[in-house]
Structure formats: structure tokens, C-alpha cells
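Keeping the supplied structure of chain A fixed, place chain B upon it in accordance with the hints.
Chains as they are written, first to last, in my numbering: chain A, 1 to 360; chain B, 1 to 962.
Hints were generated in silico from the structure; no laboratory data involved. Think of the CB as a built atom: it goes at the ideal place given N, C-alpha and C, for glycine as much as any other residue. A portion of the hints provided could be inaccurate.
[What the hints assert, rightly or not] Some but not every residue of chain B turned toward chain A, in silico, with C-beta under 8 Å: (1) Ser899; (2) Arg900; (3) Tyr910; (4) Pro940; (5) Asn941; (6) Met955; (7) Gln957.
[Stated by the list, open to error] Away from chain A, derived, C-beta distances all over 12 Å, residues of chain B: (8) Cys56; (9) Arg60; (10) Cys74; (11) Gly100; (12) Gly169; (13) Glu210; (14) Asp337; (15) Asn373; (16) Phe377; (17) His617; (18) Gln685; (19) Leu824; (20) Asp882; (21) Arg894; (22) Glu959.
Read off the chains here:
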Amino acid sequence: MTAYVIKGNDKNPVQAVKELFSKLLENQVDYIFLPGKSPYSKLPMPMLISDTAHMENLEPLAPAAPFNSAKQAASVLKSNTNKKIAFLLKPCEKRALVELVKLSQCSIENALIITADCLGRMENSTYLGLIEDAPGLIEAFLQDKSFQDKITSSCSVCTQFTDSGSDIHVNLIGCSGSAVFVPQTENGEAVFKKFECDRADIPTARENEVEQITKKHTENMETLSDNVLSKTKDVEKFQELIATCLNCYNCRTACPVCYCKECVFLTDIFNHMPETLLNRADKKGIIKLPTDTTMFHMTRLAHMSHACVGCGHCSSVCPSNIPVADIFKIVSKNTQDFFGYIPGENTDEKIPYLNYKKEN
Amino acid sequence: MNNSENRIIIAGAGISGIRAAFDLAETGSRVLLIDKAPAHGGILPQLDHQFPDNHCGMCRMLPMVDRDMGKQFCLKKGLIHENIEIMRSSEITNVKGSPGNLEVSLKQKATGIDKDKCINCGKCEEVCPVTTTDHFNDHMAQRKAVYFPVPFQIPNNRTIDPDACTKCGECIKACQSDAIDLAFEDKKQTLKNIHSVILSFGNPLYNPGETDLYGFGTLKNVVTSTGFERMVSQSGPTKGEPLRLSDGKDIKKIAWIQCVGSRNIMTGADYCSSVCCMFSLKEAVLAKEKIGPSCDTTIFYMDMRTYGRDFQRYRDRAKETHGVKFVRCRVHSVEQDPKTFNPKLTYMDDSGNQIDEAFDLVVLATGKRPQENLPGFTGMKGVHIINNENEFKDISETVIDASAAAVAAGEFKETPPQKWKPIPTQTPRFIVAVCECSTSDKKLTASGQLVDEINALPGNMKAVSIQSACSQKGFEELIEQAAEPEFNRLILLSCNADLFLSKAKELEKRTGIHRYHMDFLESGLPDDSGLLSKIIASHGALKTRNTWQMKQKTVYRHCIIAGSGPSGLAAADMLLSRDIPVTLVEKGTDTGGNLKHMTGKTETSQVKKLLTRVKGHSSLTLMTESEITSCQGTPGNFSLTINAPGGFSVVPAGAVILATGGEKKQTQSYEYDGERIITLYDFEQRLYENKTGFDDKQIVMIQCVDSREEPDNYCSRICCIKALKTAIRIKDKAPGSQITILYRDIMTYGEHEKIYTQARKVGIRFIPYSRDHKPEITPSESHTTISIFDPVLQEKVEIKADLVSLSTGLRPYPNTDMTRVFGLNKTQDGFIKEADYKWRPVDTGREGIFACGLARRPLNGLEAMKEGRASAMRAIRILSRDIMASQMVSAVVRHTICSRCEMCIPSCPYNARFIDQASGEVQVDDVSCQACGTCSSVCPNKATVVSGFEDGGVMNQIESLI
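Pulled out of the complex, with its shape left as it was, chain A reads as follows (with noise of 0.2 Å):
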């Protein structure tokens, strides 16, 4: 496989990013869309960007992002412009924006999709308290393993944090600090092509830390399954996880494959008459309010665990603490595994509510 190193910037993947974005935008494409620092928060938001005199904004590869931004991405795909963008994805948002082409609310047909090795993001909290100390933490935090035990939950049981169905993928992990950039499909070779750089080799350390790190999640999600299923055994225990949800849908709107344009509970349906609730308590003797909690998580989980990518912000939007990514996580594994369906691989598998068919 042919790979690809900037050059002058081979000892700083952050510049390296910075660099082939910068120069996708100067003569290959009209927009390029990745992270970045806003005026108001430290917190890396996704950023269009038409122009290379605001590159100095960006803040690629930072362990943190306040939610997933496939649905950013596919606000400005779901029609066709005919322009030409550049996205900087993590793997779980490429994966999601994948998925919602999947249900026909955008086209990548003239993206660039570029992802890079993910090493988990921090919650937004534990971000902005180290930020404050540390300027160089996202060099920093590529390096020093210390850091990364910071992660979320969802990173820590997460496998799939490098990505194969880009255009191309940023190599970052046993890469002793630089980034290598590997085209995986022809617009992505097609990329190097058209500017100069340097032809490196993936260095054969990779391989084997890419191993270590996936042998480690795959231990913490053993550990977070038996603790998930032992606190979801019944219908009771699942309610006492979630007794504290106060409908505030948080987690839905965080959710980027939630696509519904108006969601089902916030429809009439759900928008009950104050005689039904009478009539509840009525009935019961007592209820807890708000109601229909259970339903709505229990209805999240049918309609989207199939395509849950695992980045967890719905556990990170949380304000009751709820782990609702830790739930998601067990459930989807289920879900996915029984129709043998890998969500965000690849543009031509179907949705399998779609094909499944019970054999004969």
C-alpha cells in the first residue's frame, strides 16, 4: 500500500492534518470541514471553511468533541450543490455519516472523506479543565498514555478507531509521532497526486499496537457487558437505570443516526391529555412523572440500534448521568450481530430491516 508523509511536517501530525487540508482547499476543493476553535469555547466545533486565511482555527486530532458531527457533515450534503468538500472525520462519525446516507439523508458522492486514527475523545468537562494547563495536549495526548486513560466509556470498549472505507485515513497510531497519510480509495490517491509530498512506508510497529489497543477495549467491554446485562436483567432493572430521565431527549438529539425530521415523541401521541395521566394514577394508585421513559428509551434501541456507531455522546449529553451509550453499546452488539451488520462499513450494505429475509 502506498502511503504518504507532508513534507517539513513529518514530526507533527496536527501541522500534517493542518497542511493537506490547507492545501485540498488552496486547488482541489471548495470547502473543507473539520474541527475547530471557536471565539467563545476551547472545545473543537466542527467548522466549513472556504477560505485558507482562517486555517490558523482549526484544531484537528483534539481528544475531545462536544457531539458527533455526521449530522454537520450531512446538513451540507443532503442536497446536491456540486461543490466540492473536504471532511476531517473520526471514525465513528465517518461511520454514522455513512449510515444516514444509508437513509437517503445525504450523498457523499462529492465528499472527501478523510478520517484519522481515534485514540478516544474526553468528556467535555475533563477537556476544557486540562486544556486550561496544558497548551501542547493534543501533540501531548497522542503520545502519553496517561491521557488516554481519560477517555469515555464508549472509546475505551471502542474497535473500530482506525477507519478502512475513507479516502483516506490518517495513520497516527505507531507512527512515533507522524502522520501517515494512506489513500484507500482512487479520489483518494488521486489526492497525492496532485500535490507534492513524500512516499513513506506504515511503519510495522502499527500492527501490533493497533493489536494491543484493540485487545484492551475488547476486555473493557467484557467487563462493561456483564455489568450493563447484570443491571438490565428485567424490565424493573431497567427502569431503575433509567429512573431518572426526565424526557429532555438530550441523548436523541445527540444521536447521529436519530434522523427523524420530527421525532415520535413529539408528536400528539405522546402529548398526553391531563385525564390520561388522572386516569394512570387512577388506575395504579401512583405514578412517576414525566411518564413514557421506559417506552422512549426502549423505542430509541428499536429504531436505532442497528445503526449505533458507539460514540457515546448520548451518554456524554446526559444531565441525569444516565448510561445510555453503555446500554446502547450491549444492545446494538446484539442487534448487529444477529443480522451480521457492521454499520458505517460500507455505503452498499443495506439496512438490514430491509433484506432480512428468515431463511427457509
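Below, chain B alone, put in the same frame as chain A:
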């Protein structure tokens, strides 16, 4: 009864009668469907599991056009359609007059019970002292002389079996509603102005007790195939538990013996019963499913006749996936172990050794007996016969036959558009009728209290109590109460809710309450505490049913048929004879299809006749060297692009029939050289050209060349018969010739068996081979050496052949594949896939597009013509009407909240959904939509709903139950 509008009488309410009745009813014809038996459905109510998925599926026959005219209801239970009247225990005694104006005499046997008075309390059955065997359970269980002919049918009144009844009068004493009359006087009547009569008698089943074959009737654990079906049926004597009826023991080892009463000259059966191989295969797989994979199943057969399109792969799966065993032999005898009562089979294995093997159960694959004593009017003009070949057929071919007969019998005046009462939009006001029975044990214990409780509920409900609403008297009382103008919703709580489905039309007419606003609830057990909840739930659902707007579309009275072979021509002929204009689109330069390659004289002359008739018709447009390149629109309203030599044209059509045909396969196998190693088709051609020189020649014919194995793992159905006919003709011309046929299974189904018998008589040699031990072929200068393992001799034999004929099969034309143009499915072998193999064989997955002939499956010319006629019938369902209208319950898209993820489109089993290119919105084709609700369950935010089942109503129901 005596509805003067009935114009067509169908005698025989089995599958074929029902299919014909529905076909005609869908075109607006009034049909009287009668059956000798006191129940409808023929043998079907006895069979729970059908090939290939072991489900029933009979309901897939239900009308899909104007479905509001009938009830979407289990067909084994009840057949409810406004245009069909059913008379049970009846037969035609005479037919007079001429087609279009027949006079038909009917005789209806008395059942001994007046259904207008009977309240189904069951006292008569309790006291009846007579016990006899139950036909419904293949005589494996007992019943009284007063009984339910089919225990689960509606309307279901008990019947008295006059042959078993001793007229002791106990039942009369027990009956509280004076409903019994043991005089058994037949009712006779004559109906005039009948357009046509269809006879669908079916064939009787062979009774193996007749000739005492294999100990049926004397040995305890030997049953017929029907018996086995009853043993695994939910409504059977063991409630579906697969246990031996003689001693209740588990069944672990089962043998099926094929050809019992078939293919046996000694029992006067020089025919194959055609369907037994497949039902035994199905039963063996079913046994594995019901009893467990460890159940040992063996089929003893002579030839496994898997001659249907997908049958060979089913057989392979039975063997390889399910582990069904196959033994090729005629079982010599069956005896019984005196201690265990296990039947013991004696048979010879391949090497000629005698084997004795015990089983827990032996199933005799019993076939057909010919129809006997057909009535004198059978051959009359205006009297049409389904299955005039007197053959046993599987469901698929039976319904094709039925549709083909229906199209010939129908008159198809233009169907007036349905006029439904608009759904009223006043405030819902309910009458809740609680039916009370006069028999104490079925009485709702607290019915008075229930009425009070309902009256105390909010929501404009008034409860009343009715005495026996199932009796005529009670029904009148119900109508009187409900007809009060204050009510516009009806909830009826009774012990037999299904019964009232068939009375909904009358209720609507006489009470003024819209049928959409009625609900019939089953009261269940007397101590049912959920009754009030049921009523609240029903109230919740009915109160939201307010809006329905009928959408209409005009129908183009024009049919486009692709392909001018036998099936296309037969379809065109039928449509043209009904004044429906036809455009015949033929890809080639000439019409007639595979006519050139047909040897059958009947087929050739029939196609010639068809060609003359069709081409001479003024309403025919013939387009040769033309091809359909696109199809847009909805049933009744298609718009097709046709590419003709003069350029493209856009042609509107109400329906399309795909009869694109197929071709004979060529081969490179077995050293084919076209000279001394030729195909069967070449061989036929040589005979046709009167070539001679076969005397004293060694001729070897190899069957199943490149067939019945992957990739073309299907039987082409015609090759065995063609090969045998050819061999017989050679023998006739050149008696000195030696002919050997190397075969895997000889597929002479039905009456074709006689050809096989004749071939053996004239001295043609047959050597079987298996897929694993194919004949080996070595050509040399002077002759071709064929070496094959002979299982009888148990050694390899060599034949030096002068001529080798290879039976290659048929395949659909690869270059006229219309499936892409029409968005249809194909089988893995490239045949057009129908909507449902058994129940809707000539419909495709898209309503209004039909498929027939060789494009759909391998078949002979006569069968192709029949399929063509059947598809014409299906097309007339649409073409005979002016408009197509949406139905009351139908899918609707709420565009404002639709995210356009398009998941609903591929998930719709009826291809009824599409994206409107202009607006980008998801649209529903109201005609194709069958309101199954799949779209609504796939849609995550209920942007698509099924009218009448909106969330509000459903949530109201749930709310009342939690």
C-alpha cells in the same frame, strides 16, 4: 339465497372454485358458489402447512382489487365477499338453455338444523348417542352424528349426518330453540338467467383400504398423507402434538411410501398423481420441524417427481439440510410388530438384498382417483370445467386452471365504480350491544352488571342487552335497537364475533351505521374480567375513525402483452374476445414463439388457431421487432415506452402481461458434436424431417443434461416426455433399433405416465444414474462408448452407441429480461418471480403486471396457453372497470414530518410506494396498497400511517388496557 343478480354458478368450493369465484367477483360479477359438502374449502381446511415455507397462505387468494367488497379474513375460516353467495350441502341437478341464459336446477340437502334458530349451544351434540368416525380428521378420530363439519368455520352451525343419524330424537328434546328437524327434506330450486356454470369438482382421493395395500385400516400405525397432515395440525386430534394416535407414543422414525394407488396398473392407475412426491417431501421436512431434527424420515420412491420450477432445490435442501433419507424401491410389504405395533417394511435395497426395517409410523402417499359419473350437462355450452384433464394438481396449477376457466366463463360487463357510503363525521355516539345466551353455562355471569358498568363510562356509550344475536330473532332485535338514529357507532359483544363479519353489510344497510364504525368483540369465557377493557379499547379505536376520502383513477382499457408465443397469444385471444384492445409487442420478426420446436400436434394446431383469431381481430395492434423499455404509473394507469423500428412511442395501458418466453438450452457436455452426439431437439428435428437409417442402431438418450444440478438446478419438465415420445416413434419406425434411456428420475407426471408405460412395453431400456455417478462418454471413429454404473447389475456397463441424444432443458430468454424494466424479481435461474408461487402464480410483485409461460417457469405449450388465459383473467380484474378506487383502510404519508429516508419503499411487499420525482415526496399507490402496515412499522416517527389504525386509536386501546 335466490339472489336474482347471480349470473354465474360455480359448483365446487375448493381452492379452484374459490379462485374462480374471487376472480369473477373482483370484476363485479355476481357469483353463486356451491358445494356438496356442508363446508367450503375442499381439502384445504384439513391442511395447515404448505410448500415451501410450511405456512398456510390461503388468504393470499383474497381479492386485492376493491378489497373493501370482502373481508380480509382467514379463508379457511370464512369466505366473505359482497359478490359471492355461498350455498353449502348443494349440487347442480340439471342445466338447460344456452350460454348467457341458462336454467340451473339445484338441490340443497337438509342439514337437520335451522341456522336461523340455532344458537350454537351444543346441547344436541352432548346428548347425541351416535358415534362415528370423523371425516375431517381422516377418520382417525370420533365424532357424533351431529357435528361441526369443519370445527373452525364461520358461519358455523352444527350439521346432522343423515347417514349416521338414527333419528332417536334426543337432540330434539335437548334443543331449546326448536332448531332441529330430522325429516331431512332436500330443498330444490331452479335459477334462471344464468350466464354460465363452472364445474370444479376436484378428484377423489385414493383410499388404500380398498385393495388392502400396505395394511392401511388393519395395521395400527399406518396412515395416509391426509392423516399425517391431521396429526400435525393445530385443529387435529392431538392439537398438533406429533404423537401416535394408537398409543400416544412419541414418533421418532417415519417412512413415506410413494405411489400408493398411483403408477400401478393393478389398481387401475396407469397415471401419476403428480403432487404426492412434493407433499411427502414437505411432510418429511415438516416432521423434522415439528418433532425435531433427530426424527428419522425416509421416503421410499420410484422417481422423485420434482418437476416444478423450484422443486429440485427443495428436494436437495430436504436431503442436505434437513437430512431426509431417500430409498429408491417399491416397498414389498408392511407388517406389524405384535408387541410394539411398529410397522415393519420389507424392501429390496439397490443390490437386491432384502431389508426389514421397523418404523414408528408409515405414511402412505395416496394419490387421486379419477372423477366418476360426471353429470350429463358437463359437456354443454356455457358449462366450463376447471381441470378438464382430470389431473391431480398442486395449488399453483390449480389456481391457474381456475383463473383460465373463469375468464372463459365470465361476461365482464364494465364494472360500475363502487359507491361507498361516505363516512359520517358527526360526534361519535355508541350503542354497545351485549349478547346474552339463553343457555345458562354460556351466559355472561354479570351481564346486567356489565351493561350498567358500560353505561357509567364516559364517551357517549349506551349499552343494551340482546338475547342470542346469532339467531334470526336476536339479530332483528339488535337491528331494531341499533337503527335508532341517535347511534352512529356499534360495538357488539358476543360469543361468536366472527359470525357478524358476514352480517356487517346487512347491519350497515338496516341500521344506517357505517361498517367502518362497527366492531364485533368476542366475549370469551363467562369469567372474562377484561370485557370492560375490551369495550373501552374498541371505543377508543372507533371514535377516531372519521375521515376517509376515496381517491379515484381512470383505467385505460388496453392491455400490452410482451411476447407472442403460446402464452401471450392465449392471453391476447381472451382479452380480444372480451373487446379489450391489445398491443402485442414481439421482439422477433415473427409471431408464434417456440411453435417451430413443438412436436405435440394439439399444441401446434391450437397455436395456429390462436394466431389466426388474434391477428384477425380489429382491436389488435401488433408490433414486431419491438421492445418495452420503460414502465411508469400505477395499475390501470401505466405508461410504457416501446422501442420499435420506427422509433420510440409512449403507450398507455391498464395492465401488462409478460409472456417473453424462453428457449431450448444448448450444451457442450458429453462431447456434443452435433453429428453423432446431438441434443434431443436436433433428434426431434431429424425425425420431423423424416430422416431414416435408425434400423439396428444403438441409440442412447441421456436425460437431465446440464439440468437439476447447479447452476441450472431445476427440472425443465418437458424433456422426459419428449424423449420418451421420440424413443417410441423411433421404435415404431425402426423396430430393430436398440434404445437406452439414462435417467435420474422419469418425470412423466399425470397422464403422461402412460407414455412411460408404453415405452417400457415397446422394449426401451432404462438405466438410472445419479448426479454423483454420471455416464462417461468416449467418442471414437466408429461409435461412441458410454459407460454407466447399472444399479441392478451392480456393475459398470458399456454401450457402444451409434447415436447419443442429450436432453438439455429450457431456460428463459436471457436477452428479453423484463424484470429490470418493470422492477420485478427474478429467480436465481432468471425466470420471472411471481407474487406467490402457490396462491398468486401469474401475478408479479407489482399489481397490474402479470407473467406467464416459459418466462416464468418451464412448461409445455398447452400449459403455457392455460397460464396465458389465467393472466388474462387477472388482468381483466383491472381492465373491466372504469376507475380504480382507494379503499377505506389504506396507507397515508404525512409529508410534513416525513424524513424521506425511503425505508418504507423497499419494505412494501406490494410495491405500492414510490418517490414522486417532482416533489421528492413519498407517494402511495392506493390501488396496490393492501394496508398491511409494514410501512408504518418501518417508519420510526409515524410519518406513514394506516388509515383506520392511526396511533390515536391504537394508543387509546393501549391506554385502556394498562
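Against the structure, the hints:
1. Ser899: 4 Å, holds
2. Arg900: 6 Å, holds
3. Tyr910: 15 Å, violated
4. Pro940: Holds: closest Cβ of chain A sits about 4 Å from proline 940/B, inside 8 Å.
5. Asn941: 4 Å, holds
6. Met955: 6 Å, holds
7. Gln957: Violated: closest Cβ of chain A sits about 13 Å from glutamine 957/B, beyond 8 Å.
8. Cys56: 15 Å, holds
9. Arg60: 17 Å, holds
10. Cys74: 21 Å, holds
11. Gly100: 47 Å, holds
12. Gly169: It holds; glycine 169/B is separated from chain A by about 54 Å at its closest Cβ, greater than 12 Å.
13. Glu210: 36 Å, holds
14. Asp337: 36 Å, holds
15. Asn373: 42 Å, holds
16. Phe377: Non-interface label stands for phenylalanine 377/B: nearest chain A Cβ at 45 Å, farther than 12 Å.
17. His617: 44 Å, holds
18. Gln685: Holds, since 40 Å exceeds 12 Å.
19. Leu824: 17 Å, holds
20. Asp882: The assertion about aspartate 882/B holds, with a minimum of 37 Å to chain A.
21. Arg894: 9 Å, violated
22. Glu959: 6 Å, violated
Against the hints set out earlier in the document, violations occur for numbers 3, 7, 21 and 22.
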